[in-house]
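Colleague: Sequence:
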Amino acid sequence: MFGQEGCRLRLEWGPEGVAALGEQCAVLVIVDVLSFSTAVDVVVARGGAVRPVRWSQRETAARPADPSWTLRPSSLVSVPAGAELELASANGATLCSSAGATGAVVLAGCLRNARAVAAAARELAAGGPVGVVPAGERWGVNLAEQGDVGPLRPAVEDLLGAGAIMSSLLGYGSASVEAALAAETYAWASVEDVLAGCVSGRELISTGHAGDVALASQVNVSAAVPRLTGGVLRAA
Numbered sequence: 000m001f002g003q004e005g006c007r008l009r010l011e012w013g014p015e016g017v018a019a020l021g022e023q024c025a026v027l028v029i030v031d032v033l034s035f036s037t038a039v040d041v042v043v044a045r046g047g048a049v050r051p052v053r054w055s056q057r058e059t060a061a062r063p064a065d066p067s068w069t070l071r072p073s074s075l076v077s078v079p080a081g082a083e084l085e086l087a088s089a090n091g092a093t094l095c096s097s098a099g100a101t102g103a104v105v106l107a108g109c110l111r112n113a114r115a116v117a118a119a120a121r122e123l124a125a126g127g128p129v130g131v132v133p134a135g136e137r138w139g140v141n142l143a144e145q146g147d148v149g150p151l152r153p154a155v156e157d158l159l160g161a162g163a164i165m166s167s168l169l170g171y172g173s174a175s176v177e178a179a180l181a182a183e184t185y186a187w188a189s190v191e192d193v194l195a196g197c198v199s200g201r202e203l204i205s206t207g208h209a210g211d212v213a214l215a216s217q218v219n220v221s222a223a224v225p226r227l228t229g230g231v232l233r234a235a
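With numbering that gives the first Met the number 0 applied, the sequence shown has no gaps in its numbers, which climb one by one up to 235 at the end.
I should point out that these hints are in silico values taken from the structure, not numbers from a laboratory.
These numbers were taken from a predicted model, which means no experiment stands behind them.
Where hints are given, some of them may not hold.
[To be verified] Just the calculated beta-carbon pair ranges, DEER-fashion:
| no. | residue 1 | residue 2 | range |
| --- | --- | --- | --- |
| 1 | PRO79 | LEU180 | 39 to 47 Å |
| 2 | ALA125 | SER67 | 27 to 35 Å |
| 3 | ALA209 | GLY126 | 21 to 29 Å |
| 4 | GLU191 | PRO153 | 37 to 45 Å |
| 5 | GLY126 | ASP65 | 37 to 45 Å |
| 6 | PRO150 | THR69 | 20 to 28 Å |
| 7 | ALA64 | VAL176 | 41 to 49 Å |
| 8 | ALA118 | LEU180 | 19 to 27 Å |
| 9 | ALA118 | GLY210 | 39 to 47 Å |
| 10 | PRO153 | ALA186 | 15 to 23 Å |
Idealized CB from N, CA, C, for every residue including glycine.
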């Protein structure tokens, strides 16, 4: 099977992407725009930290100090400095947990902190390859049940977030076709329209969570760089 060897900038999707890039890349950036990575950015920018919990282990996660703190970014805008939350998701949180076992430096990126995360990835990689992993969605997720989830559904919002990061990394070195195409997609896209119109965005808006989509649509408004250290995402 052909890979992206020889390219400094690489992009692969989901858990298979983590497995493919984790041992090859000096830095892995996990992108889950709606909503894990955006939630992490909001918390870390306020001086807090997030412990990503695998979806299959969410029932054993500790209860938050404030039960109103959830995976919804809008619920986290008042999180106090020093707070450490446990957040579970089938996508971003699970991928961060998996990526932590690869030996790569793991960062969480979104549209809000794309430029800052790209700058940190460039420095931390020190000339080595950087892999960006858009999380995508999972078919068959049941919020009320434990257990495995279905196959990957690529998500346009995560392609856009990965592209925003890649666009700030161009010039670091050769980019794979996948990485370059993500950057090009971001360059011509109307971010707010894409997030409001994509399947995940429409679902959130229809259930009264338009504020979360609005927060996730903000581009380069944050200097936070969440880095996974000791199983916790905190400011790099």
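Colleague: Report the numbers of all earlier hints that the structure fails to satisfy, in ascending order.
Modeller: 2, 3, 4 and 9
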